[in-house]
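Quick note, the sequences are listed as chains E and U, same order.
Mapping to the numbering used here: the first sequence position 97 is 97, numbers consecutive.
To get the numbering used here, take the position in the second sequence, counting from 1, and add 1000.
If you're looking for bench data, these hints aren't it; they were derived computationally from the structure.
Quick caveat: nothing in here was measured; it's all calculated off a predicted structure.
Heads up, some of the hints might be wrong.
Every beta carbon over 10 Å from chain E, so not counted as near; a handful from chain U, in silico [said to hold, decoys possible]:
#, residue
1, D1007
2, T1013
3, E1043
4, P1049
5, W1136
6, E1182
7, A1195
8, A1216
9, V1219
10, T1224
11, Q1234
12, R1236
Each computed SDA-like pair below joins lysine to any residue, with the alpha-carbon atoms no more than 25 Å apart [said to hold, decoys possible]:
#, chain 1, residue 1, chain 2, residue 2
13, E, K164, U, W1136
14, E, K173, U, A1039
15, U, K1199, E, K164
16, E, K173, U, L1170
17, U, K1199, E, K91
18, U, K1226, U, R1236
19, U, K1199, E, K173
20, U, K1199, U, L1170
21, E, K91, U, P1017
22, E, K91, E, G70
23, U, K1199, E, V158
24, E, K91, U, D1056
25, U, K1199, U, K1226
26, E, K164, U, P1017
27, U, K1199, U, W1136
Facing chain U, from chain E, some residues (calculated, C-beta under 8 Å) [claimed, not checked]:
#, residue
28, E4
29, S6
30, L56
All C-beta atoms in this analysis are idealised placements derived from N, C-alpha and C, irrespective of residue type, glycine included.
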Amino acid sequence: MTAERSDPDLVEALAARDLSALSALYDRYGRVAYSLAYRILGEPEGAEDVVQDAFLAAWRGAGTFRRERGNARSWLLSIVHHRAVDLLRRKTAFRPAPLEAVGDRPADVDTAEEAAKNVEHRSVRDALQGLPEAQRRTIELAYFGGYTQSELAELMGVPLGTVKGRMRIGLQKMRRALVALR
Amino acid sequence: MTHVLDDLELYATGALPAEGSAAVAAHLERCAECRAAAAEIAEVVSLLPDVVPLRDPPPALRERILAAAAADLAREPRRSLPDLLRARLTSVAMPVAIGLVLLLGATTAMRVQESQAQLALYEEQLERISHANRSWYMEGVEPWAGMGGTLVVQSNDRRPFVLFHDLRPLPQGQMYAVWLIEPDGSWTRGTSFRADGNKYQLVDVGRELAGFDQCAVTVEASETGKRQGPIVMQSRIAPPSR
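One chain only, chain E, in its complex shape (with noise of 0.2 Å):
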């Protein structure tokens, strides 16, 4: 049985132009990624090119990656936040709602691995839900709206200093309640 090989080693192989590598970073990451992707979007079809778009940029950059400034997962995801936003903004028709409007469901899958995500998946979503609303909304709808800050500052009605505000407070809260999980 062939050992599974890490992240890093994925993302140096990548490097090296070993396509291997990639397919073992998209059967890992293929589907969170097209998750966030869909969830900006609203659509499938443009979540599909930001996702494909993203792997091959970081097939084609994966020279660039800087271990010390943070992990594959985030550098990927971070590829295809970017990416999902600027397609967004590009089409400002649709902006998504807030995340309960997207509903709640479980992951479709059952395994062991898959099961311990799910939990650290629902620290995560809990330490955003427990945030107050105005903070939640604002993280939100930056993240997953594409909202820019002048943006959101007016959809809310709120000086830009507040939207700051609630969001440095947010994202210190939610800090706290994931250390404290761990």
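Add chain U to chain E, keeping to what the hints say.
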């Protein structure tokens, strides 16, 4: 230096406009304090995808991505460039072949680094190489195997240059030197340079080739003076007819 701590949450969640985001990114490159704060915020933000309900992507998406990546591999010059340069292309085929290869190299560099400066450099190289008519490949000798460089001389013998590949960075205080060697064994330094970290690097030799019959690259500790360091690569050359 003005710190950007006030904007880090907006930056991490993508809520800054493009110019603001670029300014924060540039600041983070040079400010350890803000970088540390940004890393803490980014860690939390990186977990936000976990709140999204999982959806299965269409199976065909995986195949499309892998097929596109495989097509990249087939087009990329990364490993084939030195082989192509070594292949004693005819003077007619060479400008076209090298131009194509470098154009692909430029595309890769643009994708990877998204750098207009890098692209401009490659375009300049492409323009220059398209007028070349003679070349000699120098292969790295042990323990420098894997590196190499192609000495290219243009039809008018002005500005000969070497297109290196896979140059290794050298320790502080050391540099590469390009030498031209006369038939009597006299060595003349053309230029000294440091590896820039890119896959390919173009270096002007600094003098015409007439009167020399070999080219070599060594590692030296000084930009001037006689050769003292080890030979990295070397090739016999035939000066162009005058």
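Notebook entry, point to check: Honestly, which of those hints from before does the structure not fit?
Noted result: 1, 2, 3, 4, 13, 15, 16, 17, 19, 22, 23, 25, 28 and 29
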